[in-house]
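Engineer: Each protein sequence line maps, in turn, to chains A and B. To convert, note that position 128 of the first sequence is 128 in our numbering; the numbers rise steadily by one, no gaps. To convert, note that position 46 of the second sequence is 46 in our numbering; the numbers rise steadily by one, no gaps.
Read the hints as simulated data drawn from the structure, not as lab findings. Even for Gly, the Cβ is constructed at its ideal location relative to N, Cα and C. Take these hints with a grain of salt, some might be off.
Okay, the calculated beta carbon distance ranges per label pair [as the list claims (entries may be wrong)]:
no., chain 1, residue 1, chain 2, residue 2, range
1, B, K238, A, S168, 19 to 25 Å
2, A, K56, B, R155, 42 to 48 Å
3, A, E96, B, P260, 53 to 59 Å
4, B, R155, A, E96, 48 to 54 Å
With a cut-off of at most 20 Å between alpha-carbon atoms, the simulated DMTMM-like pairs for lysine to aspartate or glutamate come out as follows [unchecked claim]:
no., chain 1, residue 1, chain 2, residue 2
5, B, K9, B, E19
6, A, K56, B, E165
7, A, K56, B, D216
8, B, K25, A, E150
9, B, K9, B, E32
10, B, K238, A, E49
11, B, K9, A, E49
12, A, K121, B, E55
13, B, K9, A, E118
14, B, K167, A, D45
15, B, K167, A, E150
16, B, K25, A, E106
17, A, K57, B, D216
18, B, K167, A, E49
19, B, K9, A, D94
20, A, K56, B, D251
21, B, K25, A, E107
22, B, K9, A, E95
23, A, K121, B, E43
24, A, K56, B, E217
25, B, K9, B, D30
26, B, K25, A, D45
27, A, K121, B, E226
28, B, K25, A, E96
29, A, K56, A, D45
30, A, K56, B, E152
31, B, K239, A, D45
32, A, K57, B, D251
33, A, K121, B, E19
34, B, K25, A, D102
35, B, K228, B, E130
36, B, K9, A, E150
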Amino acid sequence: MPEQNESPVTSSVSAEDLLRAAFKYHDALVSYAYGLLQDWALAQDAVQETFITVQKKHAEFTPGTNILAWTRRIARYEALNILRARGRETFVGDEELFALVDAQFEEHLNHDAVAVLEQQKAALHHCLAQLEPDVLQLLLGFYRDRVACERLAAVHRRSVNAIRLALSRIRSRLRDCVRLHLALAEVKP
Amino acid sequence: MKHHELFDKYLRRELSSAERLELIKLLAHDVEAGRALVGYVNETTLLVRVGSQIESASAGENIVPLKSAPQPRAFSWRWAAVLVGLCAITSMMLVATRPRHATGPQLATTGAGVQITRGVQEMSAAGDVELRAGDVITTSTNNTATIRYPGEATRILIQPGSLVEFKDSSGGKQLELLRGGLSASVAPQATTHALLIITPHARATVLGTEFALRTDEVVTKLDVLEGKVLFTCRFNAKKVTVTGGFSSFSDRGGPTTVVPLQSAAKP
Chain A
1 MPEQNESPVT SSVSAEDLLR AAFKYHDALV SYAYGLLQDW ALAQDAVQET FITVQKKHAE
61 FTPGTNILAW TRRIARYEAL NILRARGRET FVGDEELFAL VDAQFEEHLN HDAVAVLEQQ
121 KAALHHCLAQ LEPDVLQLLL GFYRDRVACE RLAAVHRRSV NAIRLALSRI RSRLRDCVRL
181 HLALAEVKP
Chain B
1 MKHHELFDKY LRRELSSAER LELIKLLAHD VEAGRALVGY VNETTLLVRV GSQIESASAG
61 ENIVPLKSAP QPRAFSWRWA AVLVGLCAIT SMMLVATRPR HATGPQLATT GAGVQITRGV
121 QEMSAAGDVE LRAGDVITTS TNNTATIRYP GEATRILIQP GSLVEFKDSS GGKQLELLRG
181 GLSASVAPQA TTHALLIITP HARATVLGTE FALRTDEVVT KLDVLEGKVL FTCRFNAKKV
241 TVTGGFSSFS DRGGPTTVVP LQSAAKP
């Protein structure tokens, strides 16, 4: 992806200014780290480490260049560090898939995508708040906590297939709800 | 297999060898599939982040009444009915008169030099602001801010010149002190829901105590005035328990020996 000159930071930057500017991409960075690490908690750790590094290495940032691309490179490094550290314990990363997924994010996670993400977030807040608590628990159990489908099936008293089908339907419903909210927001005066 | 099923299996690390190859082929040759993967991961990230915030916000509302103790035989049902009626009326009045702003953690500031970054939004925290998971609080060099939790005496004072992220509290209160300092008076917390404060070098796990924490690029210093705090290095997981009247420091090498509060040198 070409470097985009869309950074709000244009002159010499303090660590605080840079950190604040980088925090605007928090969700995008979590998504990127989650895509690479396939683990919600590790993704959060990688992003925390990323912000610490942003603060420490603020002097290395060139004002006027793309903060998102710069912080994403740091996040990639932190994600690799986590995978390497964990490789010594239980998880061995899949380098080929890691590189491919990384390339997709480099290609498609740009400022436009981040803007869409922020719009969707506001709409999703409204849509998710309307879900029944056990439906929300099912979503979080599946994606955040990576609970085994068999266990989710037992907790929600459904078959494994029914759980997968329910999740697909919930996401589809939420997608429709978000689309509707964004469309309504556009027509509002 | 549908793309979203493949993406789900990838995110849950459940791909079989054949599915892994299918995903590799797809991402290597199909630009739209790559775009779809990024969109799907973005959407999943939002589901989890926003869903966790909603779960966290509703956790405080799930108050389960305690079961009443067994009543003596001479118990008067007539008086009990009157008492229940009075309790119900009192509860309704309390609910009706409870201020709406007291539902979630609040941030109170001492001046205009406190900022909250919420997503792409930056706002000046004037007066009381209800905090949300992911809010980043910045205090200027001459202002402090206090986090209060409704229904308990816990107070966390963020010192001037600090940067703190208010995190998802579904599993217990959580803050990240990225720079600067804070001092806290923490009401007793459930052992499963300890207050956790993360710094660049250490994690402080608190069940109810008074303490101060300060961090810079090199070291984090913990002073415990009362109670005890479990102080764990983020890099090697070495831990010490620091009790009232003692201090400890932690850098990348782990926490130092615990020393009496007065003799602890400044980091």
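Engineer: Run every hint past the structure and note whether it holds.
Structural biologist: Structure-based check of each hint:
no.: 1; hint: K238(B) - S168(A): 19 to 25 Å; verdict: violated, 45 Å
no.: 2; hint: K56(A) - R155(B): 42 to 48 Å; verdict: violated, 31 Å
no.: 3; hint: E96(A) - P260(B): 53 to 59 Å; verdict: holds, 55 Å
no.: 4; hint: R155(B) - E96(A): 48 to 54 Å; verdict: holds, 51 Å
no.: 5; hint: K9(B) - E19(B); verdict: holds, 9 Å
no.: 6; hint: K56(A) - E165(B); verdict: holds, 17 Å
no.: 7; hint: K56(A) - D216(B); verdict: holds, 10 Å
no.: 8; hint: K25(B) - E150(A); verdict: violated, 29 Å
no.: 9; hint: K9(B) - E32(B); verdict: holds, 19 Å
no.: 10; hint: K238(B) - E49(A); verdict: holds, 19 Å
no.: 11; hint: K9(B) - E49(A); verdict: violated, 27 Å
no.: 12; hint: K121(A) - E55(B); verdict: holds, 16 Å
no.: 13; hint: K9(B) - E118(A); verdict: violated, 26 Å
no.: 14; hint: K167(B) - D45(A); verdict: holds, 12 Å
no.: 15; hint: K167(B) - E150(A); verdict: violated, 30 Å
no.: 16; hint: K25(B) - E106(A); verdict: holds, 18 Å
no.: 17; hint: K57(A) - D216(B); verdict: holds, 14 Å
no.: 18; hint: K167(B) - E49(A); verdict: holds, 15 Å
no.: 19; hint: K9(B) - D94(A); verdict: holds, 14 Å
no.: 20; hint: K56(A) - D251(B); verdict: holds, 15 Å
no.: 21; hint: K25(B) - E107(A); verdict: holds, 17 Å
no.: 22; hint: K9(B) - E95(A); verdict: holds, 17 Å
no.: 23; hint: K121(A) - E43(B); verdict: holds, 9 Å
no.: 24; hint: K56(A) - E217(B); verdict: holds, 7 Å
no.: 25; hint: K9(B) - D30(B); verdict: holds, 19 Å
no.: 26; hint: K25(B) - D45(A); verdict: violated, 30 Å
no.: 27; hint: K121(A) - E226(B); verdict: violated, 41 Å
no.: 28; hint: K25(B) - E96(A); verdict: holds, 11 Å
no.: 29; hint: K56(A) - D45(A); verdict: holds, 17 Å
no.: 30; hint: K56(A) - E152(B); verdict: violated, 36 Å
no.: 31; hint: K239(B) - D45(A); verdict: holds, 19 Å
no.: 32; hint: K57(A) - D251(B); verdict: holds, 18 Å
no.: 33; hint: K121(A) - E19(B); verdict: violated, 30 Å
no.: 34; hint: K25(B) - D102(A); verdict: holds, 15 Å
no.: 35; hint: K228(B) - E130(B); verdict: violated, 29 Å
no.: 36; hint: K9(B) - E150(A); verdict: holds, 15 Å
Checked against the numbered hints listed earlier, the structure breaks hints 1, 2, 8, 11, 13, 15, 26, 27, 30, 33, 35; every other hint is satisfied.
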